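Listed below, chain by chain, are the residues.
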Amino acid sequence: MERVAAGRISLDLHKKKKLSGEKIFAYVCVCIPIIGFILFSLVPLAISFISMFTTMEYYDLSTMTWNKFETFKVVFSDKDLYKSLLVTVMLASSQFISLTIALFISFLLSKKPKGRKIFQIIYFIPYICSSVATAYMWMTMFDPNYGIINTILTGIFGEGARVNWSSDAVAYVFAIIITIVWQAPGYGIVMYKAAFDAVNPSLYEASEIDGASAWKKFWRITFPSIAPTTFFLLMTGIIAGMQTFDIARLFAVSFFPDAWTGTAGPNNIGLTTVIYIYNKGTLYFNIPEASVASWMLFIIILVLSLVNYKLRKRWVNV
Amino acid sequence: MKAFKSIVGSSESIHDLSPRVASYKEVKERRSRRTTGIIGKIVVFALLLLYAVCLMLPFYVLFVTSITPYQELMGSMSFIWWPEEVTWDAFTPFISTDNILADDIGIPILHGFFNTLWSTLLTTIVSLFVSGLAAYSYSKIRFRGKEALFMFQLATMMIPMATMTVPSLIWYETLGWTHSWFPVIIPGLFGGATTIFFLRSYMSSVPNETLEAAKIDGLGSFRIFLRIVLPQTIPAFIAQFIFAFVGGYNNYMGPLLYLSDNPQNYTLQLVVTELRTFYNQPGQVCASCLIALIPLIIVYIIFQRFFIEGISVGGGRE
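In the order they appear, the protein sequences are chains A and B.
Here this note's numbering is used: the first residue of the first sequence is 64, the next is one more, and so on.
Here this note's numbering is used: the first residue of the second sequence is 3, the next is one more, and so on.
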């Protein structure tokens, strides 16, 4: 940047011919992702936006006819939509449990126990498991008869503790949450490890000399330095949780017999918003209604991301 | 009282450092502190071990259920920790041509694995390359409108396109792409905003002087990227590759929407879910999950250092 003026002139002269070629190269490279975004994000966004105000047969764009907000009336008077939002928020809030586990475990790991490396390797394994395998393995474990969970429960609390995980609505939600919580903390543990490692050790030494208790050390030194990570994990976790589909749908399809009707679990208790959208779009071939629900979720998540971005910027600057 | 304690505390820590004959009381105190330290260590280790066992338990259940005969499983009212008679029959439909879809796909797991591998590698590598080129242009080349384009690219990160997966169906239907690989592969070839953002911040560490020198030597921009920038930022590329590869390997919703009507196009996850409907027996389900999980877990254990580093480097930056 701060080159001597004479040198700069000579360099510029040298570059003059190549400059345009370099710029064209840059424009091409930069435009490819933007073209992709326009073709496969903006265009579908626009189509689904328009489709909200129309009636459409099957997936045929040429059959679109203006219907004076009729789709909105239908969707927003559908009780299932509100129920699905509630279910989604419930499942997304399992992120708090995952985060607590991740924080606790990485706090223990920061004490540098024996076998720390092996523990770290093990803790991350669930995170890379596919949702298909994860859902199926937990369904096997939740089987009312030969499932290990009921075996452990009845072993401790007696035969009365046998839970029918697939037909009891409350148990069904717990089953999904347990499955999600099994998988989720791995990411948090890795992220927290980096945060714990980044804490300046001289702060601890200083506080030890001052005779601070372990509890005080945690709240005064460790916590402030891992707070940004916590916030980041919480927000990204909730944003991902609002889009819960895979595990909830796999449970609905395979764990519950009436799945072909689009019912997700007993009393439709496993119906997340994305499953609601998926049913509207693929089971009833109703893209306009699916679009209305999609746009609602879109706006909710957009607001969450913006809040995340703004607050994070403030936190990092502080 | 508090002040007194803190004085005692600080004097103690000074005494710890100074070579001085310790009094009986001090020796006793120090010894008790050491034993609580050992107990603490054991507690930490035990808790970590307990968590590891909880996380690994589902894999044991998968394995045992897959080797237990169907009759024994169905007749049981509790979990079978080890079967009376071990059978490997549950694995045969997946690893041999002795299955219901053999005419279409031969050995299902191999077929699914091959489909998953080529589609994931193609999108991951092309997308990474395209993102890398864009990141290089944003980071190292000066051109008009760069700031505006970058802000636009950054803004695309905020858009939760995942909520639009179902409404996007009509766009692909209009293009005539449904029931084909195109909707799963083509949108992924244009690079991703998050990847560009991450690679760009990583590339800023490549010294400009090296690039200037290469330019004077007459190297074109593409060659500079290939020969200088790419080799120097390879850890960032590996991190992003791992992210994308695991995501592609485990992808469920995309193949479910577009590929589930033709056995020829089954990905690994679809093989597992679709064959479940044919062989609705716990042994087979567990066997297929196990076969689908093992390759990625082996890859993870071999390259776990890259996984964990990649995540803690890549995730923290959003």
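A few of these clues could be false.
[Stated by the list, open to error] Away from chain B, derived, C-beta distances all over 12 Å, residues of chain A:
1) Thr128
2) Phe132
3) Ala232
4) Pro287
[Said to hold, decoys possible] Calculated cross-link-like contacts (lysine-lysine; reagent style DSS-like; alpha-carbon spacing at most 25 Å):
5) B:Lys43 <-> A:Lys175
6) A:Lys180 <-> B:Lys43
7) B:Lys142 <-> A:Lys174
8) A:Lys373 <-> B:Lys43
9) A:Lys86 <-> B:Lys142
10) A:Lys280 <-> B:Lys142
11) B:Lys43 <-> A:Lys279
12) B:Lys148 <-> A:Lys177
13) B:Lys148 <-> A:Lys86
[Claimed, not checked] Distance ranges between label pairs, derived from CB positions:
14) B:Phe184 <-> A:Asn263: 12 to 20 Å
15) B:Leu177 <-> A:Asn227: 41 to 49 Å
16) B:Ala157 <-> A:Ser156: 46 to 54 Å
What the hints contain is simulated information worked out from the structure, not anything from laboratory work.
As the structure is a computational prediction, the values presented were derived from the model and not from experiment.
By construction, the Cβ of each residue, glycine as well, lies at the ideal position given by its N, Cα and C atoms.
For this session: Tell me, in ascending order, the numbers of any earlier hints that this structure violates.
Result: Per hint list: 7, 8, 10, 12, 14, 16 violated.
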